[in-house]
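Asks: Start from the sequences and build out the full structure, keeping to the hints where you can.
These are the residues of each chain, in order.
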Amino acid sequence: MKEVDCEGLTVRQINAAIRRLVDDGERDIVVRHPAARHNLAVATLTEARITIDGPVGYYCAGMSDGANVEIHGSAGWGVAECLLAGTVIVDGNAGNSAAASIRGGAVVIRGDAGARAGVAMKGGLLVIGGVCGFMTGFMMQRGTIVVCGDAAEAVADSMYEGVVYVGGAITKAGADTVVSEATADERSEIAATLSGYGIKGPDSFRKIVSGRRLWNYDRRERGLWAAAL
Amino acid sequence: MCGIVGYLEKSGTSGAVGERLLAMLTALACRGPDSAGVAVWGPASRGLKVCLTAGTAERSPGTLTRLEAPDDDVAALEWSIQALRPGAEIVSVGRRLEIVKQVGGPATLEAEFGVAGMGGTHGLGHTRLSTESRIDLSHSQPFWAHGIADLAVAHNGHITNYHRLRRIYEQEGVRFYTDNDSEIIGVYLRCKLGEGASLEEAMEASVRDLDGSFSYVAATADAFGFAKDPFCLKPLIVGEDADAIAVANEEVALHAVLAPPYTAREADAGAVAVWKVVAG
Numbered sequence: 001m002k003e004v005d006c007e008g009l010t011v012r013q014i015n016a017a018i019r020r021l022v023d024d025g026e027r028d029i030v031v032r033h034p035a036a037r038h039n040l041a042v043a044t045l046t047e048a049r050i051t052i053d054g055p056v057g058y059y060c061a062g063m064s065d066g067a068n069v070e071i072h073g074s075a076g077w078g079v080a081e082c083l084l085a086g087t088v089i090v091d092g093n094a095g096n097s098a099a100a101s102i103r104g105g106a107v108v109i110r111g112d113a114g115a116r117a118g119v120a121m122k123g124g125l126l127v128i129g130g131v132c133g134f135m136t137g138f139m140m141q142r143g144t145i146v147v148c149g150d151a152a153e154a155v156a157d158s159m160y161e162g163v164v165y166v167g168g169a170i171t172k173a174g175a176d177t178v179v180s181e182a183t184a185d186e187r188s189e190i191a192a193t194l195s196g197y198g199i200k201g202p203d204s205f206r207k208i209v210s211g212r213r214l215w216n217y218d219r220r221e222r223g224l225w226a227a228a229l
Numbered sequence: 230m231c232g233i234v235g236y237l238e239k240s241g242t243s244g245a246v247g248e249r250l251l252a253m254l255t256a257l258a259c260r261g262p263d264s265a266g267v268a269v270w271g272p273a274s275r276g277l278k279v280c281l282t283a284g285t286a287e288r289s290p291g292t293l294t295r296l297e298a299p300d301d302d303v304a305a306l307e308w309s310i311q312a313l314r315p316g317a318e319i320v321s322v323g324r325r326l327e328i329v330k331q332v333g334g335p336a337t338l339e340a341e342f343g344v345a346g347m348g349g350t351h352g353l354g355h356t357r358l359s360t361e362s363r364i365d366l367s368h369s370q371p372f373w374a375h376g377i378a379d380l381a382v383a384h385n386g387h388i389t390n391y392h393r394l395r396r397i398y399e400q401e402g403v404r405f406y407t408d409n410d411s412e413i414i415g416v417y418l419r420c421k422l423g424e425g426a427s428l429e430e431a432m433e434a435s436v437r438d439l440d441g442s443f444s445y446v447a448a449t450a451d452a453f454g455f456a457k458d459p460f461c462l463k464p465l466i467v468g469e470d471a472d473a474i475a476v477a478n479e480e481v482a483l484h485a486v487l488a489p490p491y492t493a494r495e496a497d498a499g500a501v502a503v504w505k506v507v508a509g
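Chains as they are written, first to last, in our numbering: chain E, 1 to 229; chain V, 230 to 509.
Rather than coming from a laboratory, the hints here were simulated on the basis of the structure. Among the clues, some could well be false.
[Claimed, not checked] Taking lysine to any residue and the SDA-like style, the derived pairs with C-alpha atoms no more than 20 Å apart in a straight line are:
no., chain 1, residue 1, chain 2, residue 2
1, V, Lys239, V, Ala485
2, E, Lys172, V, Phe460
3, E, Lys172, V, Asp497
4, E, Lys172, V, Tyr406
[To be verified] Counterexamples of contact, computed for chain E against chain V with all Cβ distances above 10 Å:
no., residue
5, Glu7
6, Asp23
7, Pro55
8, Gly95
9, Gly123
10, Met135
11, Val179
12, Arg213
Model, not experiment: these values are computed from the prediction. All C-beta atoms in this analysis are idealised placements derived from N, C-alpha and C, irrespective of residue type, glycine included.
Replies: Shown next as structure tokens:
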């Protein structure tokens, strides 16, 4: 295990140090004193384990492909944005747009997530241990979001595909969504997934999928479009 | 962009609020290099603390003067100052509130005013990236709300119905001192407080009545809070440790002043939170 101490370093220097270690074959890296800096550990394209020992700012671990990043603290906006593969685990809360546009991998937020978590997801898994903010799953195209707590207004608004499971209360589901109870098989699958990350979720979940009525414009459904826009 | 910060000592005792605000603004300096300012609610004075731009030929425009007036009537004091010094611009008036601001970053602010030495129970700060209005002291933030002692605001974002609201207020006789859309927030809150609303009620109403993308922090002598737009378009993170509550656009500013382990959480869409300032 090798350490990168952020004290006195610029973000560019920190990321260069991480990349140098990865290129040298190191697969277990600890980043100390991150002090909520932005853009840490971005674009790591190798299956390295990177533990960040403290809070991070915006876009931590974004554009990564295969790295397993664990953040021992909270994360700012856009954590794990555009993740391709690997895992990003946030021990605390996350700001807006967590896991935005991810294509694969898993993003786990043990605490609460801000607005638009999982916006435009194109695959992968987003787990939120606490509550999620406004418009979570907005325009998601594929993948799975599991929210153990409550979902704020407009959850899964205008989603194309994919599925959102909510364990708590749904303030108001987004436009063009269909809400049903998760089946026993789905509940078992969710429980197994959560257990893998050490999260105990609620016993029941509601499932939100696309109503598919916004896929193509139909002037007989102008009201639906007006509401969505 | 722009950076906003707020800091409240939970105990209500006068602490190194200026130093905390400066540390937070320094951490956010990259969000706004054009100007910086702080509003600090310090120990109460006998009269009214007044910060104003001199507006005289011998001093360059934009230079702040601080004085104390043995007066209690804010409106009369404003009128008197403007009658005596027509070019003067009043930056703040309050028994406890003092606003200092300057073109340039937080380092300039410290060099000019010694902000780190300002003590108090709570304060707000702003570091500005100008997008629409002029870069000068007048258009810098925080803004005092005018006509009322001890109410100030710092804002990040755009108030898109600013011109419509300004026309309405101007028809009611309200004077605006700048072309900065953020000034409308203080005017709005002042009017609501004048109608008998609490700061929390006024800020909750503002989330409905103001349009655009905004996070703002506001405070009076006895209350401190923040509001966020209903679409959550501007960042605002709330942090808390055993001694203090701090709010800022980015956690890097909270990290500069809160003792770990502290909690940090992005405020929800349309959120308003107001804390009472405990009398120390």
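Asks: If a hint holds in the structure, say so; if it does not, say that too.
Replies: The hints, checked one at a time:
no.: 1; hint: V/Lys239 with V/Ala485; verdict: holds (17 Å)
no.: 2; hint: E/Lys172 with V/Phe460; verdict: holds (15 Å)
no.: 3; hint: E/Lys172 with V/Asp497; verdict: holds (15 Å)
no.: 4; hint: E/Lys172 with V/Tyr406; verdict: violated (42 Å)
no.: 5; hint: Glu7; verdict: holds (13 Å)
no.: 6; hint: Asp23; verdict: holds (28 Å)
no.: 7; hint: Pro55; verdict: violated (5 Å)
no.: 8; hint: Gly95; verdict: violated (4 Å)
no.: 9; hint: Gly123; verdict: holds (25 Å)
no.: 10; hint: Met135; verdict: violated (8 Å)
no.: 11; hint: Val179; verdict: holds (21 Å)
no.: 12; hint: Arg213; verdict: holds (24 Å)
Hints 4, 7, 8 and 10 from the earlier list are contradicted by this structure; the remaining hints agree with it.
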